Each structure stands twice: as structure tokens, then as C-alpha cells.
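Protein chains in written order, with the working numbering: chain A, 1 to 169; chain B, 1 to 348.
Source of the hints: derived by calculation from the structure; they are not laboratory data.
Predicted model, so just to flag it, every value in this text is computed and none were measured.
Just so you know, even glycine gets a beta-carbon here, dropped at the ideal spot from N, CA and C.
Among these hints, one or two may not hold up.
Derived contacts from chain B toward chain A, CB cut-off under 10 Å, selection only [to be verified]:
{"hint": "1", "residue": "Asn47"}
{"hint": "2", "residue": "Ala75"}
{"hint": "3", "residue": "Leu79"}
{"hint": "4", "residue": "Leu81"}
{"hint": "5", "residue": "Ala85"}
{"hint": "6", "residue": "Asn119"}
{"hint": "7", "residue": "Leu131"}
{"hint": "8", "residue": "Trp141"}
{"hint": "9", "residue": "Ser142"}
{"hint": "10", "residue": "Ala156"}
{"hint": "11", "residue": "Met159"}
{"hint": "12", "residue": "Glu163"}
{"hint": "13", "residue": "Val164"}
Selected chain B positions facing chain A (in silico; Cβ < 8 Å) [what the hints assert, rightly or not]:
{"hint": "14", "residue": "Ile111"}
{"hint": "15", "residue": "Ile115"}
{"hint": "16", "residue": "Met150"}
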Amino acid sequence: MELTLFVIFGAVAVASAFMVIVSRNPVVSALFLILTFFCLAGLYVLLNAQFIAALQIIVYAGAIMVLFVFVVMLLRTGKEARRGYRLIFQKSIGIIFVVLFLLLLGSITLMVSVTGMRGPYTAEAVRHIGNTQAFASVLFTDYLYPFEIISVLLLAGIIGAVVLAKRKR
Amino acid sequence: MSPFWIDLIIMLIKVIVVMGALLGGVVVMVVVERRGAGFIQGRLGPNRVGPWGWLQPIADGIKLFLKEEFIPAQAYKPLYLAAPAFFMFIAFVTFAVIPFGDKVELFGRTIQLQIADVNIGILYIFAFASLGVYGIVIAGWSSNNKFSLMGGLRSAAQMISYEVALGLSIIGVLMVGQSLRLNDIIGMQTQYWSYLPRWNIFIQPLGFLIFLIAAIAEVNRIPFDLCEAEQELVVGYQVEYGSMKFAMYYLGEYTNLITFSALIVVLFFGGWHIPWIEGLNIHPLLLALLQVVAFVVKVFAFLWFFVWVRWTFPRFRYDQLMRFGWLVLLPLAIFNIFVTGVVMVLIP
Numbered sequence: 001m002e003l004t005l006f007v008i009f010g011a012v013a014v015a016s017a018f019m020v021i022v023s024r025n026p027v028v029s030a031l032f033l034i035l036t037f038f039c040l041a042g043l044y045v046l047l048n049a050q051f052i053a054a055l056q057i058i059v060y061a062g063a064i065m066v067l068f069v070f071v072v073m074l075l076r077t078g079k080e081a082r083r084g085y086r087l088i089f090q091k092s093i094g095i096i097f098v099v100l101f102l103l104l105l106g107s108i109t110l111m112v113s114v115t116g117m118r119g120p121y122t123a124e125a126v127r128h129i130g131n132t133q134a135f136a137s138v139l140f141t142d143y144l145y146p147f148e149i150i151s152v153l154l155l156a157g158i159i160g161a162v163v164l165a166k167r168k169r
Numbered sequence: 001m002s003p004f005w006i007d008l009i010i011m012l013i014k015v016i017v018v019m020g021a022l023l024g025g026v027v028v029m030v031v032v033e034r035r036g037a038g039f040i041q042g043r044l045g046p047n048r049v050g051p052w053g054w055l056q057p058i059a060d061g062i063k064l065f066l067k068e069e070f071i072p073a074q075a076y077k078p079l080y081l082a083a084p085a086f087f088m089f090i091a092f093v094t095f096a097v098i099p100f101g102d103k104v105e106l107f108g109r110t111i112q113l114q115i116a117d118v119n120i121g122i123l124y125i126f127a128f129a130s131l132g133v134y135g136i137v138i139a140g141w142s143s144n145n146k147f148s149l150m151g152g153l154r155s156a157a158q159m160i161s162y163e164v165a166l167g168l169s170i171i172g173v174l175m176v177g178q179s180l181r182l183n184d185i186i187g188m189q190t191q192y193w194s195y196l197p198r199w200n201i202f203i204q205p206l207g208f209l210i211f212l213i214a215a216i217a218e219v220n221r222i223p224f225d226l227c228e229a230e231q232e233l234v235v236g237y238q239v240e241y242g243s244m245k246f247a248m249y250y251l252g253e254y255t256n257l258i259t260f261s262a263l264i265v266v267l268f269f270g271g272w273h274i275p276w277i278e279g280l281n282i283h284p285l286l287l288a289l290l291q292v293v294a295f296v297v298k299v300f301a302f303l304w305f306f307v308w309v310r311w312t313f314p315r316f317r318y319d320q321l322m323r324f325g326w327l328v329l330l331p332l333a334i335f336n337i338f339v340t341g342v343v344m345v346l347i348p
């Protein structure tokens with residue numbers, strides 16, 4: 001059951017991620033990206049991380065991608081999509097990087113154990129403390145410092161957006 | 001039969017019953033909305049089809065079925081067709097975690113009167129409610145119509161603005177209830193202070209007010225129906241939709257309305273809890289039935305409230321909507337969290 005679901009979610013995630021790049025229409029690309037996020041949330045649920053899965057959908061699929069679609073919808077999609085613009089040696093450079101990426105991926109999967117180390121939060125432990133509680137207790141103790149730094153980073157981003165929007169032309 | 005199959009059958013029965021109840025609720029709401037509008041505006045409303053006009057939704061349904069299936073020539077066809085289906089699907093899926101009754105002992109089995117008891121129930125609802133906006137935005141874009149596009153854009157901006165206030169308004173409830181599971185939140189509310197039931201409305205009145213306003217914005221009803229706005233945008237994102245595709249939006253909208261009413265009842269009004277009934281010695285099965293009835297009555301009280309609001313208020317202007325969301329609701333919601341935190345520290 002779990003394996004079947006994993007294969008389904010994984011396959012759809014990879015396929016829709018591929019479609020994000022391939023499809024000509026930017027709105028369609030954005031929608032496939034949402035589907036990818038949704039499948040990733042499904043994978044999180046399979047990993048017993050329901051809280052992260054819900055946040056993945058609420059924040060990425062439900063908020064950030066709405067803004068993406070909002071902006072993309074305002075573009076004149078007809079002409080831009082058909083014209084496209086090409087760099088010199090685009091294909092050959094692309095092929096070189098794909099080969100390098102595949103080599104890197106292959107060497108990592110061969111050399112390092114994929115399953116990784118087992119932490120203190122096994123599925124049973126998480127079920128016992130509660131999903132959200134386990135997440136919060138780690139976030140607000142061990143990772144408090146990075147968490148606060150990220151919030152400062154976000155604040156800087158907000159200020160930057162306000163400054164850009166308020167600038168007189 | 002093995003336990004797996006029995007569980008599966010029970011689950012299927014629950015899904016079918018809830019789907020039926022939701023569709024039935026939509027049918028009732030169509031009549032209540034139209035006759036209610038008549039009542040509020042001092043006219044009769046549709047009263048010709050059946051007694052008191054109760055068969056009006058069936059007449060409406062038959063009419064919509066028989067209308068011509070029309071697809072605009074300039075529309076982006078796959079998304080144009082998928083949008084209404086997606087909207088309705090999301091509306092129905094969202095209801096899955098709402099508990100409509102307590103546990104019932106039946107034939108030696110404990111049955112939870114809820115389709116899925118998810119430990120992050122409230123976040124599940126927010127996740128799917130936030131996806132519902134794509135049904136509107138994509139309809140607006142794929143119809144290839146200026147009015148549609150404006151409706152879709154407005155809807156996207158409005159959803160993002162009010163979802164923030166909506167999400168923050170319930171943080172107080174979560175702080176008091178210490179859980180994201182809807183059953184735990186109701187469980188908290190079945191307790192008493194001497195004789196007063198410990199419903200969250202008494203603990204979080206400000207949170208309730210913010211949630212109520214943001215919920216009206218979330219289900220796109222007057223005074224927040226900027227994405228439809230008949231007078232400016234005809235009906236916004238729905239302009240190019242007819243026949244059953246239009247009916248799907250209709251169904252989805254009323255289902256969303258029912259879901260949010262149910263959510264208000266669960267979060268602030270004790271869900272299926274009937275106050276002071278524990279003292280009376282009632283047969284458990286009868287009690288469970290009464291609780292389901294109590295839940296439905298509470299939900300319909302809020303559905304009527306939404307109808308009342310719709311036919312009472314004028315529509316906001318777009319800038320007023322944004323100003324109100326970001327400069328009034330959002331700071332109030334943060335203030336509510338702050339006060340809740342201070343009170344919880346001072347009074348353990």
C-alpha cells in the first residue's frame with residue numbers, strides 16, 4: 001500500500017516537474033508546478049509528516065503559487081511563448097550539464113547510503129508526542145537560532161519589496 | 001468478512017451519507033437563499049414550483065441540464081473544462097475532516113461520525129480551501145474574456161489577503177485547545193465553567209468575529225463578492241460558463257458555504273455538543289442522533305446568517321476590501337493572539 005502510493009506520488013511528481021519545463025504555456029507550467037508540490041505533500045504524508053505536508057500545500061500551493069499565477073496571467077502569453085529566445089550553443093551546453101548532473105546523482109547514490117541515519121523521532125515516537133508538537137519542540141529549541149535568522153531575512157525581503165514599490169518614477 | 005472490508009464498507013457508507021447530506025444541504029440552501037431574499041426585500045420570491053417553492057431547485061437543476069453545452073471559441077479548452085470540476089471537487093473534499101457527531105457504539109464497533117480523523121484536521125481544511133481559488137482563477141484566465149480575467153485576478157488577490165487573517169484568527173483557539181485535531185477542539189468545549197458551557201465563543205470572541213468576516217470573504221459572498229460583482233464584471237469568472245459547468249460552480253459555492261458554517265460551529269460553538277444534556281439519562285444511540293441534529297441546526301443557523309448578511313450589506317469597493325483586510329483584520333488577529341498569550345501566561 002505504502003509502496004504503491006509512493007510510486008504513484010513520485011511518478012506524478014517527476015512527470016509534472018518535467019511538464020513544467022516542457023509545456024509552452026506559462027500558466028500551464030505553473031499549474032504543473034502546483035501538481036508537483038501537491039505530490040510532494042503526499043510524499044510527506046507517507047513519511048508521517050502531516051504537519052509539513054499541510055504547510056507545503058498551504059504555503060507553496062495555496063499562497064506562493066497563487067501569486068505566480070496572478071503575475072503570469074497578466075503576461076501576453078501568446079507571442080512570448082511562440083517566439084522564445086535561444087542562447088548560442090544552448091543545446092550542447094544543456095547536454096553537458098545534464099550528463100554532469102546524472103554523473104553526480106549516480107555517484108552519490110552509489111557511494112552514500114540512501115536511507116541515512118535514524119534520528120530519535122521514529123514514526124511511533126512522533127505518533128506518541130503528536131506531529132505538530134514534535135515539530136514545534138525541535139523548531140523552538142535546537143533550531144531556534146536559524147529560525148530567527150530566517151525571519152530577519154524575510155523581513156529584509158518585505159522591506160525591499162516596499163522600497164521598490166514606493167519608489168517614485 | 002475481514003475487519004478490513006468492514007472498515008471499508010463503513011467508510012463508504014459515511015462518504016455516501018456525507019455527500020448526500022451536502023448535496024441535500026445545497027438544495028435546501030437554494031430555496032432558503034431565494035425565498036430569504038424575497039423575505040428580506042419584502043417580496044415573495046419563487047413560490048410557484050411545489051409547496052412554498054420547495055421544488056424550485058429541482059426545476060433549476062433540470063433547466064441547467066437541458067441548456068446547450070457551450071464552449072467559447074477563444075477559450076483554452078482543457079483548463080476551461082477542468083476548472084469547474086476542480087472547484088467542485090475541492091469543495092467536497094474539504095468537508096472530509098469535519099466531525100458531525102460523537103463516537104457511536106454500533107454492533108460492538110466504535111464508529112467515529114466523521115470521514116477522516118486527521119491529526120492536523122484544521123490545517124487540512126485550510127490547505128484544501130486555499131486550493132479552491134485555482135478553480136476560480138483558472139476559469140477567469142482560460143475563458144479568454146476580459147471580465148473573466150478581472151474576476152480571476154480580484155479573486156486571487158482577495159484570497160491571499162483574507163487567508164492570512166483567517167489563519168491567524170484561529171491561532172487563539174488552537175492555543176487554548178492545544179490541538180489541531182477537530183475532535184480535540186470539540187472535546188475541550190464539552191466541559192463547563194460551573195454551568196456555562198466552555199464554548200470557544202466565550203473565550204475567543206474577537207477571534208470569532210475575525211474568522212466570521214474572513215470566512216465570508218473566503219466563500220466570496222457579499223460584501224466581499226468582488227470577483228463576481230454583477231454590476232461591474234457581469235459575473236466575473238463565471239461569464240463564459242453555462243449549463244452544468246455553471247451549475248458546478250453553484251454547487252461548489254454552496255458546499256464551501258456549508259463547510260465554513262460547519263467549521264465555525266466546530267471551532268467556536270461546541271460542534272455537536274448539546275449543553276446540559278449530560279445530566280439527563282438518554283440512550284446513547286438517541287443521544288448520538290440528537291447531537292447530529294444539534295450540529296445540523298447550528299450549521300443552518302450560520303447558513304441563515306450568511307443569507308441575512310448577503311441581502312443586507314452593499315458590496316465593498318476593491319481598495320476598501322484590501323485596506324480592510326490588511327489594515328484592520330490582520331492587526332486585530334495579531335492583537336488577539338498576543339492577548340490570548342498574555343492571559344494564558346497570567347491565568348494558568
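Verification of the supplied hints:
Because the closest C-beta pair between Asn47 of chain B and chain A is about 42 Å apart, greater than 10 Å, the hint is violated. Checking Ala75 of chain B against chain A: minimum C-beta separation of about 13 Å lies over 10 Å; hint violated. The beta carbon of Leu79 of chain B is positioned within 10 Å of a beta carbon in chain A (closest approach about 7 Å), and the interface hint is therefore held. A distance limit of 10 Å between C-beta atoms decides the matter here; for Leu81 of chain B the minimum to chain A is near 14 Å, and the interface restraint is violated.
Annotation: interface hint on Ala85 of chain B violated; nearest CB of chain A at approximately 14 Å, more than 10 Å. The beta carbon of Asn119 of chain B is positioned within 10 Å of a beta carbon in chain A (closest approach about 6 Å), and the interface hint is therefore held. Checking Leu131 of chain B against chain A by beta carbon gives a least distance of about 6 Å; that is within 10 Å, so the hint holds. Annotation: interface hint on Trp141 of chain B holds; nearest CB of chain A at approximately 5 Å, less than 10 Å.
Against a cut-off of 10 Å between C-beta atoms, the interface hint on Ser142 of chain B holds, since the closest Cβ of chain A lies about 8 Å away. A least Cβ separation of about 5 Å between Ala156 of chain B and chain A falls short of the 10 Å threshold, and the interface hint therefore holds. Taking 10 Å as the C-beta contact cut-off toward chain A, the hint placing Met159 of chain B at the interface holds, the least distance being around 7 Å. Interface hint status for Glu163 of chain B: upheld, as the beta-carbon distance to the closest one in chain A is roughly 7 Å, under 10 Å.
With its C-beta approaching chain A no nearer than about 9 Å, Val164 of chain B sits inside the 10 Å limit, and its interface hint holds. Checking Ile111 of chain B against chain A by beta carbon gives a least distance of about 22 Å; that is not within 8 Å, so the hint is violated. A hinted interface residue such as Ile115 of chain B counts as satisfied when its beta carbon comes closer than 8 Å to some beta carbon of chain A; here the least separation is about 16 Å, so the hint is violated. A distance limit of 8 Å between C-beta atoms decides the matter here; for Met150 of chain B the minimum to chain A is near 11 Å, and the interface restraint is violated.
Violated hints, in rising order: 1, 2, 4, 5, 14, 15 and 16; the structure is consistent with all others.
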